[in-house]
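Peer 1: The chain contents come next:
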Amino acid sequence: MIKSSNILTIAVGLLLFFFVFGSFFCSKPGGLGDMDILVWASYGPDEYKLFETIAHRWSSLKDNPYKVHVAQIPWMGQESKYRTSLIAGAPPDIGRVDTPFVPELAHNNVLTDIKQYLAAEEAEKKMDTGEILAQYVKAAIDSCIIKDKNGVERVFGFPDQTNGACLFYNKDSFNAAGLDTEIPPKTWDEFIDFGKKLTKPVDGIYGFGMDNSLWWSFPFFNTFGTKFLSDDGSKCLLDSKEGIAALQFKVDLYKKHAIEGGAWKSGGQNTETGFINGRYAMVLMGPWNVSRFKAAKVNFGVSLIPAGPAGTSTNVGGTNMVIFRNDKRPAAKLRACYDFLRYVTSEDIQAEWASKLRQIPVNLKAYDKIKITDKEEEKILKTFMEQMKTAQARPKVLKYSQLETIINPEMESALSGNISVEQALKNAVERINREVLTR
Amino acid sequence: MSNKNEKIKNQEAAPPDANLSSAVAVIENNAPVMDPKLHAARYNRIITRAILYFLLSVGALVVLFPLIWMILTAMKQPGTAFKFSFLPDSLSYEGFSKLYTLDNFKKVFAEFNFMKYFFNSIIVASLAAVFATTFACMAGYVFAKKNFIYKDLLFYLLVATMMIPGMMYLVPQFVITVKLGWFDTYQGLIIPHLANIFGVFMMRQFMRSIPDSLIEAAKLDGASEWQIFTIIIVPMAMPIIVTLFLLTFLFHWSNFIWQLVITKPGSAILTIPVGLAYFSGPHGSEWELMMAASCFSIIPMAVLFLIAQNFFIEGMTKGAVKE
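Those protein sequence lines, which keep their order, are chains D and L. Using numbering that gives the first Met the number 0, you'd call the opening residue of the first sequence number 0 and step up by one each time. Using numbering that gives the first Met the number 0, you'd call the opening residue of the second sequence number 0 and step up by one each time.
Calculated from the structure, these hints are not laboratory results. Heads up, some of the hints might be wrong.
[As the list claims (entries may be wrong)] In silico DSSO-like cross-links for lysine-lysine, where the CA-CA straight-line distance does not exceed 27 Å:
1. D:Lys374 / L:Lys115
2. D:Lys293 / L:Lys106
3. L:Lys115 / D:Lys293
4. L:Lys115 / D:Lys48
5. D:Lys125 / D:Lys332
[Stated by the list, open to error] Negatives, chain L to chain D, calculated, CB over 12 Å:
6. Ile50
7. Leu54
8. Gly58
9. Leu63
10. Met74
11. Ala80
12. Pro210
13. Val260
14. Gly280
15. Ile297
The C-beta atom is built at its ideal place from N, Cα and C for all residues, glycine as well.
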């Protein structure tokens, strides 16, 4: 039998062994040279495989001395990962980041402004000023353009992925309610009529399932013509008459028309689950769930967000590829990073990306080059692409998450009937002006 | 002896029905008359027990539900995690295969380097738990049984650091670890968390209940300090040592954020929490794959708890009782 003193001796010995030799068991940090470009990509498995192929193809281009190395990082916790790598002075050359994270990185002066490379390329190809940026989905490229302290617009990278919500509707529910599955509601008034026909509370079926976060409320605010920030970005305008009308409409869907099934409530069945299980006949949803709904054998269609007083519009999500600042990096390598991003977001690559992954391309020129054999899938993707033309970028503030934190509880109070819509938005605007926009 | 044999002969000779009826008569004559109060009490006890078992069963079901959901989701077809159907349309192979598949388990091993993550997590969690417990045990002994200047002040200062949220340490710990050259190494994963103040606190509280007379007796017998610690203190504190080992192992087994920031993307020493995060994206997770990986990732914890459950329960309760 081993004595406990011997166990402790072995334990201490093992500690010392690891202390001295531990690093032999693992990979060494660093190791990339001036001709290597490191990209941190937070893609899912299928996207990552395709991105690696694209990166390899670019590295193999004739007369290109640079090689791209792609490292996959998890989406969850990526902001902490970027922050700590910046503290350690070892960020990647290029990083894929969530769009609301860009203003914070830009504010901390850790990103490379690509304006000079845009100008250089436009001069080389004899293009008009701004012609390159005009190739991209407006709402998506807008998230890369940020004003500095002097009000000068700077461009931080390119969007690599963009998405927004459309109206998903359950065709079986439409059939059961005697509605035409090929003619979804085009305006919010029609939407209410459809909702009333689809709602059967006795069977636990509702016409609509609604999320209540700010991001999911942008389709309402945008279609009612709400301007979120003043032109100089110093004041929140959400409590304008358009903003009040938009939130009142949301509240009415639940309270007055009773076609919303309580998906926004904590403990309520969320929109995704409710749509899969037939509880909600209509939901606002993004393209990422198309394959999931198909796998769950939901018979569904996708249409534009119903038009409000300001027409149809939607929210914008997605990611941007940014080039991190590194003063030791040679200028030629910076240009190579820019060229790689231009390659990734070029019309041909974006068309390939959209065709293979059924995602919305960020380059408008790619729209006509997409080839999808499945007609139903092609129709869905085209609906999303059409919707993105009227999408509006979310407000560019230093901490977007703070907006959500402030507004969401106020909207929930209004939906619950605890306070009026006017009061909810007034409270939110006061806090946003005081806590977010003063920074 | 002869009388006894005669009785047996008579019994054998008598018809079986006669034996049975006489036995019943004896039982009926000797049966005590059931007191109605006693009868009611027994009835109440049965009802109470039935309600208790029912409630316990419901409780057990509630506790086990996440585990059952995890296993069933791990076997569901891709994209169907949130479809409320767990029973197949027909009890045939086709019926089951429409709803369930084992491909998720295969995919986790074939495409996601799960074995590598698993192996790394075992190394990190085991070594960290062994050393953190060892150091906490030693420190706890000193704070419980030794006297030195400012002992209490030092102890309370250490305990006060438990009030600071762990995330506050992330950046300074990261900077120090990088400066020591431990970025993306096992040392970087393990050593920064070896000083476990909660563990020291637990050990000290437990060891204070060990009688000083035992230590004095050992000293009289000529035991050295090391012998006192290893022969008397450690065996007596084994329940709390095992408890702390389990808690530390659990902490490192599921410590996501530190293991994410201190390793390079695609590193050879990535662990299970980081590996599981690859199944999550901006718009939800691949639940079927994540649950398949989770089914394997809980095995070491389950085995450890099963082996050490008696020690664990004793350790969790004993420190709270002043004898």
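Peer 1: For every hint, state whether the structure bears it out.
Peer 2: How the hints compare with the structure:
Restraint check for Lys374 of chain D and Lys115 of chain L: the C-alpha separation of about 42 Å exceeds 27 Å, so the hint is violated. The straight-line distance between the Cα atoms of Lys293 of chain D and Lys106 of chain L is roughly 21 Å, inside the 27 Å bound, and the hint therefore holds. Distance check on the hinted pair: Lys115 of chain L and Lys293 of chain D sit about 33 Å apart at the alpha-carbon level, beyond 27 Å; violated. Between Lys115 of chain L and Lys48 of chain D the alpha-carbon distance is near 20 Å, which keeps this suggested pair within the 27 Å criterion.
Only pairs whose Cα atoms come within 27 Å are accepted, and Lys125 of chain D paired with Lys332 of chain D is accepted, the gap being roughly 23 Å. A cut-off of 12 Å between C-beta atoms confirms that Ile50 of chain L is not in contact with chain D; the least separation is 28 Å. Look at Leu54 of chain L: its CB is around 23 Å from the nearest CB on chain D, clear of 12 Å, so calling it non-interface holds up. For Gly58 of chain L, the condition that its CB be more than 12 Å from all CB atoms of chain D holds, with the nearest at approximately 21 Å.
Once the 12 Å rule is applied to beta carbons, Leu63 of chain L is consistent with being away from chain D; the minimum gap is 21 Å. Every C-beta of chain D lies more than 12 Å from that of Met74 of chain L, the closest at about 15 Å, which supports listing it as non-interface. Once the 12 Å rule is applied to beta carbons, Ala80 of chain L is inconsistent with being away from chain D; the minimum gap is 9 Å. For Pro210 of chain L, the condition that its CB be more than 12 Å from all CB atoms of chain D holds, with the nearest at approximately 19 Å.
Some Cβ of chain D comes within 12 Å of the Cβ of Val260 of chain L; the nearest lies about 4 Å off, and the non-interface call is violated. Non-interface call for Gly280 of chain L relative to chain D: violated, since the shortest CB-CB distance, roughly 5 Å, does not exceed 12 Å. Ile297 of chain L, annotated as away from the interface, keeps every beta carbon of chain D farther than 12 Å; the closest lies near 19 Å.
Hint violations for this structure: numbers 1, 3, 11, 13 and 14, all remaining hints satisfied.
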